[in-house]
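Enquirer: One letter stands for each residue in the lines below.
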Amino acid sequence: MAIEPKWKETIKQGLNDPKWDKYDSVIKTEVDAYALKFKPLASKVNWLLIKAMLWSESGGPSNKAWDTRPLQIGNTGDPAYAILKNAEEGSELIMSETLKSSIASGSINKPDLNIKAGIAYLYTRMAVTNIISIRDLKDSKEYEHKVVAGDNLEKISKKVGTTISELRRLNPKSSGTLKIGQTLKYVKATMQRSIIGWREFTADTIADRYNGGGDANYSAKLTYIITEIFPKLVRTK
Amino acid sequence: MNRIYLTLSTTFILSFLGCQSTTDKSSSSKAQTFSDQAALINLVRGAEITDKERSLVHLSHSCNLVIDNQIYTVIDMRELVKGATTARGINQIILLNSEHQLVNRIEYGQARPLFCESNKLYLYDTLIVDGQAKEGNVLHFTDAGFAVTVTTENLNTKLPLISH
Chain L
1 MAIEPKWKET IKQGLNDPKW DKYDSVIKTE VDAYALKFKP LASKVNWLLI KAMLWSESGG
61 PSNKAWDTRP LQIGNTGDPA YAILKNAEEG SELIMSETLK SSIASGSINK PDLNIKAGIA
121 YLYTRMAVTN IISIRDLKDS KEYEHKVVAG DNLEKISKKV GTTISELRRL NPKSSGTLKI
181 GQTLKYVKAT MQRSIIGWRE FTADTIADRY NGGGDANYSA KLTYIITEIF PKLVRTK
Chain R
238 MNRIYLTLST TFILSFLGCQ STTDKSSSSK AQTFSDQAAL INLVRGAEIT DKERSLVHLS
298 HSCNLVIDNQ IYTVIDMREL VKGATTARGI NQIILLNSEH QLVNRIEYGQ ARPLFCESNK
358 LYLYDTLIVD GQAKEGNVLH FTDAGFAVTV TTENLNTKLP LISH
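For the record, the sequence lines run as chains L and R.
Using my numbering, you'd call the opening residue of the first sequence number 1 and step up by one each time.
Using my numbering, you'd call the opening residue of the second sequence number 238 and step up by one each time.
If you're looking for bench data, these hints aren't it; they were derived computationally from the structure.
Every value quoted in this text rests on a predicted model; they were computed, and no experiment measured them.
Where is the CB? At the ideal position from N, CA and C, for every residue including glycine.
Hints may be right or wrong, so weigh each one.
Said to hold, decoys possible - Mimicking DSS-like on lysine-lysine, the simulated pairs with C-alpha atoms at most 25 angstroms apart in a straight line are:
| hint | chain 1 | residue 1 | chain 2 | residue 2 |
| --- | --- | --- | --- | --- |
| 1 | R | K319 | L | K64 |
| 2 | L | K39 | R | K371 |
| 3 | L | K44 | R | K371 |
| 4 | R | K319 | L | K85 |
| 5 | L | K37 | R | K371 |
What the hints assert, rightly or not - Partial list, computed: chain L residues near chain R (C-beta under 10 angstroms):
| hint | residue |
| --- | --- |
| 6 | E57 |
| 7 | Q72 |
| 8 | D136 |
| 9 | D139 |
| 10 | L178 |
| 11 | R199 |
| 12 | R209 |
| 13 | G213 |
Stated by the list, open to error - Chain L regions said to be covered by chain R (calculated; three or more residues, Cβ under 8 angstroms):
| hint | segment |
| --- | --- |
| 14 | 93 to 101 |
| 15 | 124 to 133 |
| 16 | 149 to 162 |
| 17 | 214 to 221 |
Sequences and hints are given; from them, build the entire structure.
Expert: Here is the structure:
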C-alpha cells in the first residue's frame, strides 16, 4: 500500500521550516536519559526515529495536535495514558519519579509532557518483561468473591486487587469454567515486572508496538521521513 | 487498480472468515463455529472484551484450539483509536473457554492468527509474548489456556492444511 501523496506533501513542509524542529531538545534529552538508565540499550535508539514519529503522529506545526498532543497520548480509547497514569505494564520501570508525578497530576495536553509520555510509552512497549505474581505483604488476609454474570478471572483480579495466578492457586478446581454464584478465595496481590530484554528499535517494530498495527503504512512513513526528508532539511544557522 | 475506502463509524464493521476449525476427534466437548455475526458480537460484548471507547473494526472466529481435551475458541479482534493524522490499533488474539469466558488475550501488531492445530495457534508474523525473550509464529497453549510458549515454524511445511 503506497503512502498517500497528501501525507507526503504535509511532511515536506518540514523541509524548509525550522518550526518543525521545536521539540528536538525534548526528544534528545529523554533519549539520552533512557540511554543512561538502560545502558545496554544506549547504542540502539536513534532519536531521529522518535522525531519521525512526532512528525507523523502530529502532522506538523499547522496541526492543532502539534501544540497539545504531539505524540497523541491521551486520545479517547487509547490505552497509553491510562497505563502511564496507573504506572502499569512495565511503565513503572521506565518512567522517572518526576515523570510519574507529572503525568499523574499534570495536563497531558501540554506538548512537552505529551512527548515525554509518548517516549515513556514507546520504551514501555519495546521492553520485554518477565511477569510474576507478588502477594501483598501488608495484607495476607484471605478474602472471598462471589462470581456474577460476565465474570472471568481477568476481570475479577482487576476488580478485587489480586492476580489470575493467585485465583488459580487458591481455587484449583476453578481453573476451567466459572459458575455464577460460585465463591472464589483470593489474597491481595499484584503482577510485577522486570525487564529481561528489548525489542529492536526499528521502524517495523515501532509500527507494531507503538502504533499497534493501526496504520498499515506507519513503518513506511517513519522510513520515508528518516531517509527522504531528514537528510534534506534546509536550516539557516 | 480499484481502491476500497473504509469509513469507520460508531457501528461495527465485521469481517467474518467462516473458517473451518481443526478439531481433535478425541475431544470431549463439541466444536464451536459461528455462522452468525451478531452472535459473535454478543459474545464479546457479554464477556466485556471490547472497549466502548474504541472502534471495533474486525471481529472473527479464527479457529478452535484443543487444550487438555477441551475446546477453546480463538477470536481475532481489532480495534482502532482515532489520532490526529493516523489511527492507533489495538489488535488482540482472544481465547475463550467452552462457556465463552475470557481465558487469555495476547496483543499483536501484524502477527494475526491464521489456523489452529491441536493446542497450537499459527500466526502470520512473529511476536514476543510477555515473560519470554524469544520471538515466534506459533503459540502453544497449555494449563487450560493460561500458559503460552512461543516457537517458530516454517508455515510452508504445514501446507496444504486441507486435502481436497
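Enquirer: If a hint holds in the structure, say so; if it doesn't, say that too.
Expert: Hints, one by one, checked against the model:
no.: 1; hint: R:K319 with L:K64; verdict: holds, 15 angstroms
no.: 2; hint: L:K39 with R:K371; verdict: holds, 21 angstroms
no.: 3; hint: L:K44 with R:K371; verdict: holds, 18 angstroms
no.: 4; hint: R:K319 with L:K85; verdict: holds, 20 angstroms
no.: 5; hint: L:K37 with R:K371; verdict: holds, 23 angstroms
no.: 6; hint: E57; verdict: holds, 6 angstroms
no.: 7; hint: Q72; verdict: holds, 5 angstroms
no.: 8; hint: D136; verdict: violated, 21 angstroms
no.: 9; hint: D139; verdict: violated, 24 angstroms
no.: 10; hint: L178; verdict: holds, 6 angstroms
no.: 11; hint: R199; verdict: holds, 7 angstroms
no.: 12; hint: R209; verdict: holds, 6 angstroms
no.: 13; hint: G213; verdict: holds, 4 angstroms
no.: 14; hint: 93 to 101; verdict: violated (count 0)
no.: 15; hint: 124 to 133; verdict: holds (count 4)
no.: 16; hint: 149 to 162; verdict: holds (count 6)
no.: 17; hint: 214 to 221; verdict: holds (count 4)
Hints 8, 9 and 14, counting from the list given before, are not met by this structure.
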